[in-house]
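**Student:** The chain contents come next:
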Amino acid sequence: KAGVTQTPRYLIKTRGQQVTLSCSPISGHRSVSWYQQTPGQGLQFLFEYFSETQRNKGNFPGRFSGRQFSNSRSEMNVSTLELGDSALYLCASSLGTAGANVLTFGAGSRLTVL
Amino acid sequence: QQQVKQSPQSLIVQKGGISIINCAYENTAFDYFPWYQQFPGKGPALLIAIRPDVSEKKEGRFTISFNKSAKQFSLHIMDSQPGDSATYFCAASKRGSQGNLIFGKGTKLSVKP
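Keeping their order, the protein sequence lines are chains A and B. The first sequence begins at 1 in the numbering used here and counts up one residue at a time. The second sequence begins at 1001 in the numbering used here and counts up one residue at a time.
If you are wondering where the hints come from, they were derived from the structure by calculation, not from laboratory data. For glycine and all other residues, C-beta sits at the position ideal for the given N, C-alpha and C. Wrong hints could be hidden among the right ones.
[To be verified] DSSO-like mimics (lysine-lysine), calculated; alpha carbons at most 27 Å apart, straight line:
#  : chain 1 : residue 1 : chain 2 : residue 2
1  : B       : Lys1105   : B       : Lys1042
2  : A       : Lys57     : B       : Lys1005
3  : B       : Lys1015   : B       : Lys1058
4  : B       : Lys1058   : B       : Lys1112
5  : B       : Lys1071   : B       : Lys1058
6  : A       : Lys57     : B       : Lys1071
7  : A       : Lys13     : B       : Lys1042
8  : B       : Lys1042   : A       : Lys57
9  : B       : Lys1105   : A       : Lys57
10 : A       : Lys57     : B       : Lys1094
11 : B       : Lys1094   : B       : Lys1068
[Claimed, not checked] Partial selection, computed: residues in chain B whose CB lies under 8 Å from chain A:
#  : residue
12 : Tyr1032
13 : Gly1043
14 : Gln1098
[As the list claims (entries may be wrong)] With the Cβ distance kept under 7 Å, some of the chain A side facing chain B (calculated, not the full set):
#  : residue
15 : Gly42
16 : Leu43
17 : Asn56
18 : Val102
19 : Phe105
20 : Gly106
21 : Ala107
The shape of chain B in the complex, shown without the other chains:
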């Protein structure tokens, strides 16, 4: 049973455009929702994270939108740049299990110049 479902699997966006990646979860015990960015040959790196008491969080060009009732959250990358080309993972964890992140399958983003 896949607890965190991520879509799309791949995404091609023009430079300057908006990249949107969506995730849905099932377990209402999740209380922490991070997004990680991974470049080839590197480990995942935390991009931005949100808790369910907030509906939106923005850091620079990256925004998380969170819909608790729909059990969905999404990552928006504004003004996408070729350097943003990477694989993005959404994840979730439960209180008391912060070392145990449940990851989505990932979205490979390509930003075309």
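For reference, chain A alone in the conformation it holds in the complex:
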């Protein structure tokens, strides 16, 4: 059974650019959540998508956005990159139904903003 796949694994951008990260969930999982991991702030929730709809949103500026496609694959976009956006971005998938809390994480996309 394939796990959660995130692409690209590493990328370098400069300030002001934008970036799009992709996540393919485990087959059958309808929920995809995104997290930002930094040494200072730890793991912080960005947003969750279920059946192509944003179901929950964390406390991040509007520069961070996402979407989910009909096959449950998800993308997140960060516009007008800032140095502080350098982080490991993790995607997690789950069944998304009541009581089905188990999140399975991908290996992450490491973004460096110069």
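Following the hints, position chain B against chain A.
**Tutor:** Only chain B this time, still in chain A's reference frame:
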């Protein structure tokens, strides 16, 4: 406001010893408390989880103890092994927000041979 507080930040244990990591939470609406293990270069992986209607859950060498009245829960790793060296995160989520885990800051565990 940090909703889930984790301690210690780092922990060194001898092989065969017991590793204990503690977490405290504030929001009584939390109803799911997982522990995740993360190795360098990897995403977090679920280790064990508990709901507040149970005071203890054991899976192999890993045990969660849960104290609902004190709003605290802890992870005990028995017979710690060098392969257990990793960063451990406690987390919590509310009913209906299962995709939104609130994580503690993490504990870096080193098990010395």
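**Student:** None of the hints should be skipped; say for each whether it holds.
**Tutor:** So, going through the hints one by one against the coordinates:
For the hint pairing Lys1105(B) with Lys1042(B), the CA-to-CA distance comes to about 17 Å; that is within 27 Å, so the pair holds. Taking the CA atoms of Lys57(A) and Lys1005(B), the gap is about 21 Å. The hint holds against a cut of 27 Å. At most 27 Å may separate the alpha-carbon atoms for a hinted pair to count; Lys1015(B) and Lys1058(B) meet this at roughly 20 Å. Distance check on the hinted pair: Lys1058(B) and Lys1112(B) sit about 24 Å apart at the alpha-carbon level, within 27 Å; holds.
For a cut-off of 27 Å, the pair hint linking Lys1071(B) to Lys1058(B) stands: about 19 Å separates their Cα positions. At roughly 25 Å between alpha-carbon atoms, Lys57(A) and Lys1071(B) fall within 27 Å of each other, so this suggested pair holds. The straight-line distance between the Cα atoms of Lys13(A) and Lys1042(B) is roughly 22 Å, inside the 27 Å bound, and the hint therefore holds. In summary, the hint linking Lys1042(B) to Lys57(A) is supported, as the alpha carbons are separated by about 24 Å, within the 27 Å threshold.
Distance hint between Lys1105(B) and Lys57(A) is fulfilled; the C-alpha atoms sit about 20 Å from each other, no more than 27 Å. This hinted pair checks out: Lys57(A) and Lys1094(B) have alpha carbons roughly 14 Å apart, not beyond 27 Å. Our distance criterion of 27 Å between C-alpha atoms is met by Lys1094(B) and Lys1068(B), whose separation comes to about 15 Å. Taking 8 Å as the C-beta contact cut-off toward chain A, the hint placing Tyr1032(B) at the interface holds, the least distance being around 5 Å.
The beta carbon of Gly1043(B) is positioned within 8 Å of a beta carbon in chain A (closest approach about 3 Å), and the interface hint is therefore held. Given hint, Gln1098(B) at the interface with chain A, holds; its Cβ is 4 Å from that chain's nearest Cβ, closer than 8 Å. Because the beta carbon of Gly42(A) sits about 5 Å from the nearest beta carbon in chain B, less than 7 Å, this interface hint is met. The beta carbon of Leu43(A) is positioned within 7 Å of a beta carbon in chain B (closest approach about 4 Å), and the interface hint is therefore held.
Taking 7 Å as the C-beta cut-off, the interface hint given for Asn56(A) holds, the closest approach to chain B being about 5 Å. At a threshold of 7 Å, the smallest CB-CB gap from Val102(A) to chain B is about 6 Å, leaving the interface hint in force. Checking Phe105(A) against chain B by beta carbon gives a least distance of about 3 Å; that is within 7 Å, so the hint holds. Among the interface hints, the one on Gly106(A) holds; its C-beta lies about 5 Å from the nearest C-beta in chain B, closer than the 7 Å criterion.
For Ala107(A), the suggested interface contact is upheld, since its CB lies about 5 Å from the closest CB of chain B, less than 7 Å.
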